[in-house]
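In order, the protein sequences belong to chains L and D.
The opening residue of the first sequence carries number 1 in the UniProt record's numbering; numbering runs sequentially from there.
The opening residue of the second sequence carries number 1 in the UniProt record's numbering; numbering runs sequentially from there.
Bear in mind the hints are in silico, worked out from the structure with no lab data behind them.
Worth double-checking, as some hints may not be accurate.
Note that the list lumps identical chains together, so a pair holds whenever it fits in one copy or between two copies.
[Unchecked claim] Taking lysine-lysine pairs in the DSS-like style, the calculated list, with each CA pair at most 30 Å apart, reads:
id: 1; residue 1: 267; residue 2: 315
id: 2; residue 1: 44; residue 2: 87
id: 3; residue 1: 315; residue 2: 166
id: 4; residue 1: 315; residue 2: 289
There are 2 protein chains.
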Amino acid sequence: MKVTKFGGSSVASAEQLKKVLAIVTGDSSRRFVVVSAPGKRNNKDKKVTDLLIQFYNAVVYKQETDEVVREIVTRYTEIAAEFHVAKQLEQVFYTELQQLQENYDAVDPYALDRFLATGENLNAQLVAACFQQSGVNTRYINPKELGIIVSDEPQNARILEQSYEKIYQWRNSDEILIIPGFFGYTVDGQLCTFSRGGSDITGSIVAAGLKAELYENFTDVDGIFSASPKYIHDPELIEYATYREIRELTYAGFTVFHDEALMPAFKAHIPVIIKNTNNPECQGTLIKKNFEDENRNEVVGVASDDGFCGITIGKYLLNREVGIVRRILQILESFHIGFEHMPSGIDDISIILRERHLTREIETELMKQIEEKIQPDQLSIEHGLSVVALVGEGMRERPGITADSTAALARKNVNLRMISQGADERSIIFAIRSEQERLAVRSLYYTFFD
Amino acid sequence: MKVTKFGGSSVASAEQLKKVLAIVTGDSSRRFVVVSAPGKRNNKDKKVTDLLIQFYNAVVYKQETDEVVREIVTRYTEIAAEFHVAKQLEQVFYTELQQLQENYDAVDPYALDRFLATGENLNAQLVAACFQQSGVNTRYINPKELGIIVSDEPQNARILEQSYEKIYQWRNSDEILIIPGFFGYTVDGQLCTFSRGGSDITGSIVAAGLKAELYENFTDVDGIFSASPKYIHDPELIEYATYREIRELTYAGFTVFHDEALMPAFKAHIPVIIKNTNNPECQGTLIKKNFEDENRNEVVGVASDDGFCGITIGKYLLNREVGIVRRILQILESFHIGFEHMPSGIDDISIILRERHLTREIETELMKQIEEKIQPDQLSIEHGLSVVALVGEGMRERPGITADSTAALARKNVNLRMISQGADERSIIFAIRSEQERLAVRSLYYTFFD
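Pulled out of the complex, with its shape left as it was, chain L reads as follows:
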């Protein structure tokens, strides 16, 4: 039995929803369907969720709301019309939005969550109605009924363990259940939305709870690519990847989905597949804990991200002075700054940070404190760095990869500001000047692919 999730663009129009219907009915093991709110149909279009935020603001500031409400309902009824279920839904949806508005209370911490969740919630009802109309034995199910119980953190809810066995009870449902993504209910019955990953996390949770054989994540791309199309024309699709590889790839620049959203499935060892609603024949990217016989590349991908900076601290006998690095990190921590990497020489250490953590004020204060509390012989900060990660569990078996990658970068005169490769040898991480990011990604990609 499979849990199948469809993203916003897969349910943005009647045409898309027909593809979804074909996909679901095309495999009898697809019995649990999680849907996002309708996304953009084209570049100029608005996501329903954004319309709901607009609606929310209008309510908060007591502005006119008829038009935005009509716009929201129309997004659904246009789809409904094609499936001949517009009549039965139109009034229901208007009523739901009116109640949202009437029940709004400025001091209610859950108010925004309810507005946001409505996009998915109405869509699940729409999809269920369309499927039924098409003769599929299906129904909408509310996350509360399904058993998605979350922490009491508006817009930042986390799943509670107890949810899983509740969800498991639905395992043998004879109807196909249509589940709205993106939200759950607290123990006290309050609606709370998840922080990141929206509907992806709901799908992941449901798959884990049901102990599904597979969690299918349908998007509008064929899967995860071995490099960003931003730098590589028509990059290779990753057919098989491990959870760890996906983690490391998404860490640096891969944004197909939010990898944290997949954690519930990962932890329950449920295989995940990323597929394309618009090209379901494409095998997509299968993600598992590990692979035995499949013949996989040693390197599965090259990821990169900019917006890093590096602080270099030199101090004589730095490595003999127990506690000095801990004190440096303590200073960072006092600014709530975590670091990404910390390669070290003999008397010096480089700390690679995300640029976004540093305003000019914070930077000045941070450097001042390091100067005062650490009294380094040398202290400098370099902005405009990018991190490039070469990722692949197979690298462990082949010492040559580090050599090949550094050679490739050297041939293009990419100046390595930092290299970090830890004992697990699942990735090699390079810090370089951002101007050279494109060059670095391309030279690494063409060294290990085609």
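Dock chain D against chain L, hints included.
Just chain D, lined up with the frame of chain L:
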């Protein structure tokens, strides 16, 4: 004006002392001579300092001392005889040793220092007498008279800043001053010996105080080699090195001298040269802050050292959890353990430590605490690692070096457990299995030398 220091083997016998005399009188700018205690004349021989420790223990445990005292004095008188100054010195030296014994007080914290320092102190008197007898205008000077004022830490004294201007007063002495190395006096006039580097540090301090043009460090090797003769037959001599390069080389395995001993000279920007008493024609190794025109190798040396281990800690979202690494270091610190390197992947970090910090008990307790306080998804320790450092300031200019070195290691199937290269790019550090240390050093050496 130069400060010239001679190590133990350079003053171990009359034959050696004649070489020293020739060296000192061969250059009129050599006006300050620092001497160690007589070292071994052959493999079976004992260092005078070791005889003094034997003497000290005999006194402490109230054992018979005549024989060891005779043995010590004989080491000096044998040399003195050749220079016809045995008569004048023999009784003086006996008296000094007797007084040491008579003044011994079990509760005196400086007692051992006085015994230890006697080796250098008598030797400086011997050398001065021999030089005078040979017609050189010279005299022995006691560190107190010279102005070497140290912190009140028996066997672990550090030089006090005020010493330097006192020493500077001697700059224009018309006599060649013979200075015993290894000790100074506290503000209260107590004799204290230095912790490490013995006489090297005295020479370094005197050179800094006098603002000498050069500090000559005469040993029994031609200088510093680009790799350990333990692994490389007849390795290249390093003709020019910067202070930083020497630091990084000595860090990992180079034991010609203790680099900390050279810090006073380094800080005063006094050039240091390492030369061979037995082969003074050899140009030796010149160490300066930096070099302009000299044509130097980009890589000056390959150093290595074993006895490392690596702790690898994996935890999902490790790099987003501000403070987690600081907490890991805090645990290490609670065991007074510093770390050497800390390369990191995405969700994992490897900590490279000196094996000597870990007894089995400490290791067990350390791992237990990391397990409890950090709750990692993965935690492991690997013993039997070596660190190999490729060092050279010129590496900064040539990206290719990282590639060439990793390629060389890959060709020999050296498995890299860790790579660390910081922003200063003065060295690349590899952690490998100790079984492969020899292989790694050789493959790197033959990649960058001859």
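(message) Of the numbered hints stated earlier in the document, which are not met by this structure?
(response) none
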